[in-house]
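A.B. asks: In order, the protein sequence lines correspond to chains A and B.
So for the first sequence, the working numbering puts the first residue at 1; every next one is plus one.
So for the second sequence, the working numbering puts the first residue at 277; every next one is plus one.
To be clear, the hints were calculated from the coordinates, so they are not data collected in a lab.
Mixed in with the good hints there might be a few duds.
As the list claims (entries may be wrong) - Just so you have them, the derived chain B footprint on chain A, three or more residues with Cβ under 8 Å: (1) 52-62; (2) 197-204; (3) 230-241; (4) 265-275.
Model, not experiment: these values are computed from the prediction.
C-beta atoms are modelled at their ideal positions from N, C-alpha and C, and glycine is treated no differently.
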Amino acid sequence: MANKAPQIPSIAEFIHKIKSGEIFTEIAKEITESQLWTSTFRHGYADTPRNRVLQIASNVWLHLHPVKMHRHALRIKFTWCMGGITFLLFLSTVVTGVILMFYYRPVGEYAYYDMKYLQYDVPFGMLMRNMHRWAAHAMVITVWLHMFRVFLTGSYKPPREFNWVIGVFLVTFTLLLSFTGYLLPWDQLAMWAVTVGTNMARATPFLGNEGPFAEYVGVTPRYDARSLLIGGSLVGPPALLRFYVLHCIFIPLIAGALMIVHFWRIRKDGGISGPL
Amino acid sequence: MSEAAAAPKRKIEGVPEKLHVWPYLVRLEFLCALVVIVALAVWSIVIDAPLEEAANPTKTPNPSKAPWYFLGLQDILVYFDPWFAGVVAPVLIIVGLMLIPYLDVNPKGNGYYTYHERKVAIWVYCFGFLVLWIALIIMGVFLRGPGWNLFMPWQYWDPHKVVALVSVDLPYAFGFRDYTWSAIFGGGVLLAYFGIGTGAYFFLERKALKSVGFLRMFLKIQLALIMMGIVIKIVLRIGFNIKYIMVTPWISV
Ligand code: HEM
Numbered sequence: 001m002a003n004k005a006p007q008i009p010s011i012a013e014f015i016h017k018i019k020s021g022e023i024f025t026e027i028a029k030e031i032t033e034s035q036l037w038t039s040t041f042r043h044g045y046a047d048t049p050r051n052r053v054l055q056i057a058s059n060v061w062l063h064l065h066p067v068k069m070h071r072h073a074l075r076i077k078f079t080w081c082m083g084g085i086t087f088l089l090f091l092s093t094v095v096t097g098v099i100l101m102f103y104y105r106p107v108g109e110y111a112y113y114d115m116k117y118l119q120y121d122v123p124f125g126m127l128m129r130n131m132h133r134w135a136a137h138a139m140v141i142t143v144w145l146h147m148f149r150v151f152l153t154g155s156y157k158p159p160r161e162f163n164w165v166i167g168v169f170l171v172t173f174t175l176l177l178s179f180t181g182y183l184l185p186w187d188q189l190a191m192w193a194v195t196v197g198t199n200m201a202r203a204t205p206f207l208g209n210e211g212p213f214a215e216y217v218g219v220t221p222r223y224d225a226r227s228l229l230i231g232g233s234l235v236g237p238p239a240l241l242r243f244y245v246l247h248c249i250f251i252p253l254i255a256g257a258l259m260i261v262h263f264w265r266i267r268k269d270g271g272i273s274g275p276l
Numbered sequence: 277m278s279e280a281a282a283a284p285k286r287k288i289e290g291v292p293e294k295l296h297v298w299p300y301l302v303r304l305e306f307l308c309a310l311v312v313i314v315a316l317a318v319w320s321i322v323i324d325a326p327l328e329e330a331a332n333p334t335k336t337p338n339p340s341k342a343p344w345y346f347l348g349l350q351d352i353l354v355y356f357d358p359w360f361a362g363v364v365a366p367v368l369i370i371v372g373l374m375l376i377p378y379l380d381v382n383p384k385g386n387g388y389y390t391y392h393e394r395k396v397a398i399w400v401y402c403f404g405f406l407v408l409w410i411a412l413i414i415m416g417v418f419l420r421g422p423g424w425n426l427f428m429p430w431q432y433w434d435p436h437k438v439v440a441l442v443s444v445d446l447p448y449a450f451g452f453r454d455y456t457w458s459a460i461f462g463g464g465v466l467l468a469y470f471g472i473g474t475g476a477y478f479f480l481e482r483k484a485l486k487s488v489g490f491l492r493m494f495l496k497i498q499l500a501l502i503m504m505g506i507v508i509k510i511v512l513r514i515g516f517n518i519k520y521i522m523v524t525p526w527i528s529v
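Produce the complete structure using the sequences and hints provided.
C.D. replies: Here is the structure:
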């Protein structure tokens, strides 16, 4: 390429190339043989068994998949696709959630008005908020359905016991993610739902100030399991900040890490279970 | 679906039992993702997320409900003290779920749908999930009104509805009036429930003891008895107005 002096084609030749469509083949060739292209995509696209393998194995996003799988595991009737949909909904909340974070401040004085601002002034703010909330609710439902399907197919049986245990952690963290997010709009619905929920911590045996045996431990309303959770004796601004940090940083990181382990283990346990 | 699509590609596929993930799985995932994202977007355009008035610690709504996915637990609060309904029960649910693969040693039904090869397991899970979890949530969302009273969908949510609290404790119903003797009687009933339940199970399943193991069988029957106990308490309360089985200064069940 480089050692040849560039030829200037005659007009007639050029028009002929356009008319015959040859020009497109040439352009495509120039592009796919350029250094930029070959360094980015490490294999051709022609439908050969080798490329089908490389498509998965040389792509960081796809390589958690195996290269080949059993036909039965493709059936929607078998998996209900629920694990994958749960993951997709999780990703949707991550994307929309980061956008909401640009506008939302977890401070008692601001939080509620930031929600109003998001809804009425931010372009697509209402849509982002809706998608975030509905994806979160949907994720709770799909993770239950996923668990139900895994139970019905007996897929927790050896060798997949450990992945089931990871799964139970995941369903717990999914609920906690949803619950911590519930407080953030800082409206009546949020405050009282979280009050009802966190009131339970007050009754923790030994560690909650109204729990059984609390008198032997000496916990007080200002210093017990519940105040650890909400940073005070009632759901106020400290609770908002705590739930915000848990919701946006702590729980997503843990849930994300567990998901990676979950997916990894599906492969290491021999792929999707089947009647073999 | 994969059958029809695979037909013209047979010459590429050496073994038809094993398929390449690209394109067969990836294209399904892509389609599935497309459908879900479009559905989510349409849903979000049509229905707005709720935003009520600003949080006000001095104005308690009646009823105050937890997020819908916890309403099953909140409903159990009617029948149990908070230390059980709010703390011990969730922990037991989580631990119990984690133990499932280690307690269910039936090798059949691994990787395919079957009812006949694992009837008990399916019944227990469906009962716990569909009745104790989902049905209670549906009831909590739609039928629990002010004061956590039950209202039928056509009834007006009257915040002044008064329901007479006529429930008594089990020892009282059996004629015990003395505090200590009541506690002893109540504790005895509980012990008998778990003791006889465990004993009966071990007797009926004595042949399985060798292969399944003592610890497995013991944990299995305890979890089952607790789950059934929750149902029994609900029935005792609704049917017989019994509040507690056992009352002590520290803990009441
Ligand atoms: C955030 C939550 C979760 C995500 C994103 C997730 C994702 C997935 C995905 C994508 C699969 C592949 C097969 C399928 O789609 O059904 C899978 C399989 C599996 N999941 Fe989950 N899962 C989650 C929670 C759970 C829970 C709560 C459990 C059970 C307690 C669980 C247990 C399993 C098991 C045992 C398998 C292997 C199934 C088989 O081999 O047939 N997962 N998961």
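A.B. asks: State for each hint whether it applies.
C.D. replies: Verification of the supplied hints:
1. 52-62: holds (count 5)
2. 197-204: holds (count 7)
3. 230-241: Contact hint for the stretch 230-241 of chain A vs chain B: holds, 3 residues under 8 Å.
4. 265-275: holds (count 3)
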